[in-house]
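Residue numbers (the working numbering): 1 to 121.
Note that these hints are calculated values from the structure, not bench results.
Computed from a prediction, not measured in an experiment: that's the story for all the values here.
Be a bit skeptical, because a hint or two may be false.
Derived EDC-like pairs (lysine to aspartate or glutamate); straight-line CA-CA distance at most 20 Å [what the hints assert, rightly or not]:
1. K79 to E45
2. K66 to E87
3. K66 to E41
4. K96 to E51
5. K49 to D86
6. K96 to E72
7. K96 to E46
8. K66 to E45
9. K96 to E59
10. K49 to D99
11. K49 to E102
12. K96 to D78
13. K79 to D94
14. K40 to E87
15. K40 to D86
16. K66 to D99
17. K79 to E46
18. K40 to E102
19. K82 to E72
20. K82 to E51
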Amino acid sequence: MDEKGERKKDARNQDERAPVADFSYQSDALAQMIVDAWVKEPFEEELLKPENARRLLAERGIFLQKPVIISEADYRADKFTKNHDDEVVFVLPDRKHVDMREPQSLLETARLLMACVPNGI
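I would like the entire structure built from these sequences, with the hints used as guidance.
Below is the structure:
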């Protein structure tokens, strides 16, 4: 974003894309947070509100100044641009990847999708 709050443009007058770091980080606490979002829609809604990210991550032992959690759909549709260089962006893997027809442990599935989805929490 520029000083006016508008997306910066490149030489072709296209919106500049923020750099994306593709990495994988294993954390049972974060994997459980993904599972909770998949099975409890009100929690997913709470998780995706920008004002809640810092508190919800801190409750799981992750202490960041400016964490942001976005949906996989928003990530894939390129609907998010960092507002500050020090934001750390996490992508919540979409439940559509998961077979949720039968009661089961979803923790391993969440761990796998953390590794597969770019910046997956």
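Going down the list of hints, with the structure as the test:
no. : hint        : result
1   : K79 to E45  : holds, 17 Å
2   : K66 to E87  : holds, 5 Å
3   : K66 to E41  : violated, 24 Å
4   : K96 to E51  : violated, 25 Å
5   : K49 to D86  : holds, 18 Å
6   : K96 to E72  : holds, 10 Å
7   : K96 to E46  : holds, 19 Å
8   : K66 to E45  : holds, 19 Å
9   : K96 to E59  : violated, 26 Å
10  : K49 to D99  : violated, 26 Å
11  : K49 to E102 : violated, 29 Å
12  : K96 to D78  : holds, 19 Å
13  : K79 to D94  : holds, 15 Å
14  : K40 to E87  : violated, 26 Å
15  : K40 to D86  : violated, 30 Å
16  : K66 to D99  : violated, 33 Å
17  : K79 to E46  : holds, 19 Å
18  : K40 to E102 : holds, 16 Å
19  : K82 to E72  : holds, 15 Å
20  : K82 to E51  : holds, 15 Å
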